[in-house]
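**Q** Here are the chains, one letter per residue:
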Amino acid sequence: MNRSVAVMRMHLVDRITLFLMPTSILAASFAINVAVWSLEPPSGSRTTGAAISVYCFVLAAAMLCVTRGLPFALGMGSSRRAFTLGTGMTGLVLALVMGTAYLVLNRLEVLTNGWWLHGAFFELPWFHGTSPALLWVAFTVAFLAVFMLGALVAAVWFRWNSSLLVIGAPATVVVVGGGAVLLTWRHGWDNIWHWFGDLTPMSMTGWLAVATVVFAGLTWATLRRVRAA
Amino acid sequence: MNELIEATNVTKNYRGVRALDDVTLSISENSITGLLGRNGAGKTTLMSLLTAQDFLTSGSVKVFGEDPLENDKVLSRMCFIRESQRYPNNFKVRHVLAAGENFYPDWDAELAASLVEEFRLPAGRQVEKLSRGMRSSVGILLGLASRAPITIFDEPYLGLDATARQQFYDVLLREYAENPRTIVLSTHLIDEVSGLLSDVLVLNDGRLVMAGAADDLRQRATVLTGKDDRVAIVAAGLPVLHREALGAYTALTVDARLDDERRALAQSMSVEIQPVSLQTLVVRAGLSETAGAADRTLSTIGGAR
Chain A
93 MNRSVAVMRM HLVDRITLFL MPTSILAASF AINVAVWSLE PPSGSRTTGA AISVYCFVLA
153 AAMLCVTRGL PFALGMGSSR RAFTLGTGMT GLVLALVMGT AYLVLNRLEV LTNGWWLHGA
213 FFELPWFHGT SPALLWVAFT VAFLAVFMLG ALVAAVWFRW NSSLLVIGAP ATVVVVGGGA
273 VLLTWRHGWD NIWHWFGDLT PMSMTGWLAV ATVVFAGLTW ATLRRVRAA
Chain B
47 MNELIEATNV TKNYRGVRAL DDVTLSISEN SITGLLGRNG AGKTTLMSLL TAQDFLTSGS
107 VKVFGEDPLE NDKVLSRMCF IRESQRYPNN FKVRHVLAAG ENFYPDWDAE LAASLVEEFR
167 LPAGRQVEKL SRGMRSSVGI LLGLASRAPI TIFDEPYLGL DATARQQFYD VLLREYAENP
227 RTIVLSTHLI DEVSGLLSDV LVLNDGRLVM AGAADDLRQR ATVLTGKDDR VAIVAAGLPV
287 LHREALGAYT ALTVDARLDD ERRALAQSMS VEIQPVSLQT LVVRAGLSET AGAADRTLST
347 IGGAR
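Quick note, the sequences are listed as chains A and B, same order.
Here the first sequence stands for residues 93 to 321, where the numbers follow the numbering used here.
Here the second sequence stands for residues 47 to 351, where the numbers follow the numbering used here.
Any given hint could turn out to be false.
To spell it out: a stretch of chain B is covered by chain A in this simulated footprint if at least three of its residues, at any positions, have a beta carbon under 8 Å from a beta carbon of chain A; those stretches are [stated by the list, open to error]:
id : stretch
1  : 116-129
2  : 138-149
So the derived label-pair ranges between C-beta atoms look like this [as the list claims (entries may be wrong)]:
id : chain 1 : residue 1 : chain 2 : residue 2 : range
3  : B       : Pro-151   : A       : Ser-137   : 53 to 59 Å
4  : A       : Met-93    : B       : Ser-177   : 35 to 41 Å
5  : A       : Val-97    : B       : Arg-178   : 31 to 37 Å
FYI, nobody ran anything at the bench for these hints, they're computed from the structure.
Idealized CB from N, CA, C, for every residue including glycine.
With these hints in hand, go ahead and build the complete structure from the sequences.
**A** The following block contains the structure:
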């Protein structure tokens, strides 16, 4: 366990960058939206999906944690298990911090009636009626899911990078393309869109929690036989 | 002496290429072992297997008497600095030190700080942006300050100038004298580190061709120089490692120490006797394999250590 903590502390050793990066990304996208809102006539839609920017940051951070952290951690006598656990713990810490920050900003947005501009940055219309507690869980689980996805992609890349481009890329095209053809043939697209349309913050969080567990399992399955060479 | 690392019949294949072939060796506690051999001889592969960073094709590795694979108890007492060690890209030198302190309970912060000074490392610069030599210094610092009971360096001096290398050797010896531990060092600069090593392992083409105490190896082979026919008489019956002809003269490297009788014979026939340096011996070992003289070099000296 303390080896996993050491791995987590390694990931978190550069706290300033880890804190400054998402803060400045968020500040920049928020400033752009505020500028647009104040220029637009009040009648237009003021909903933005720019809050996703920090999710993208977490995705990238998770990838870097694995690709750059693994060779160093193994050299420092960490086992693959301790590395995977410690990286997952890092994701949990990041998700909790980001999720809490998003909830606080969401509450502020509601309190200030969309930053006095009727903007919807953190409180999307889709969230209306969701309790703050559930919203906090939703934000946090979504951050964790994105982190584990990033970790999984990076783990797969780290383990099979050379063969990935040759086999993995065409295989992905076949699977995704084949799935699309199959869906069109079976007239399945409507069902897909309905399924997405029926999602609530609650059910979405449930699915993301399932995805997180699956991603974490696959990450461990990939890393447990990884070569550091 | 206590054997800390034991490899038995270790074989490693990479996609049909045999990187290590049936290697059996042991490394004893508180030794400084030089792992020598040509590029591609299997040194890095061996070190990766000893630290469980790679997987065996067959054979077994025991460290502190246990399989190191996914073994936190064993791995937490080992530190392996690769020749091209990667660091998280945002890491500055001081972050590396902080991370090292997290990983190793015996981390010596004082030593780390003094080495930053001694190696003139910029604590606030990103490690991946440092020059080759400075990155090597970071690795050396990390390995030494870790105080890991087993510290393994893969060609730690890359890009270091002669002064910095001497600093490394000095610090290594000083540190070793104060806190004895087991150090494994792969290197090409054999003559330079020769005086540092207590034990030597030589790999060639994935096989262990020499193993023994450095002192034994340093006195193992002899060069006989003199007139062709006279050298032949002195060397009669001795295993030949190398022959160099210079007109009527021959420099013959034999894999043996001369007994008093032969020494007297050599003197009477004006055949000059010189011991072979470790470096020359390793070079000969690397060449003789291709010359089909594998059998001679395969015999390990010092018996089963």
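**Q** Are the hints correct? Go through all of them and say.
**A** Status of each hint after checking the structure:
no.: 1; hint: 116-129; in the structure: holds (count 11)
no.: 2; hint: 138-149; in the structure: holds (count 7)
no.: 3; hint: Pro-151(B) with Ser-137(A): 53 to 59 Å; in the structure: 58 Å, holds
no.: 4; hint: Met-93(A) with Ser-177(B): 35 to 41 Å; in the structure: 38 Å, holds
no.: 5; hint: Val-97(A) with Arg-178(B): 31 to 37 Å; in the structure: 33 Å, holds
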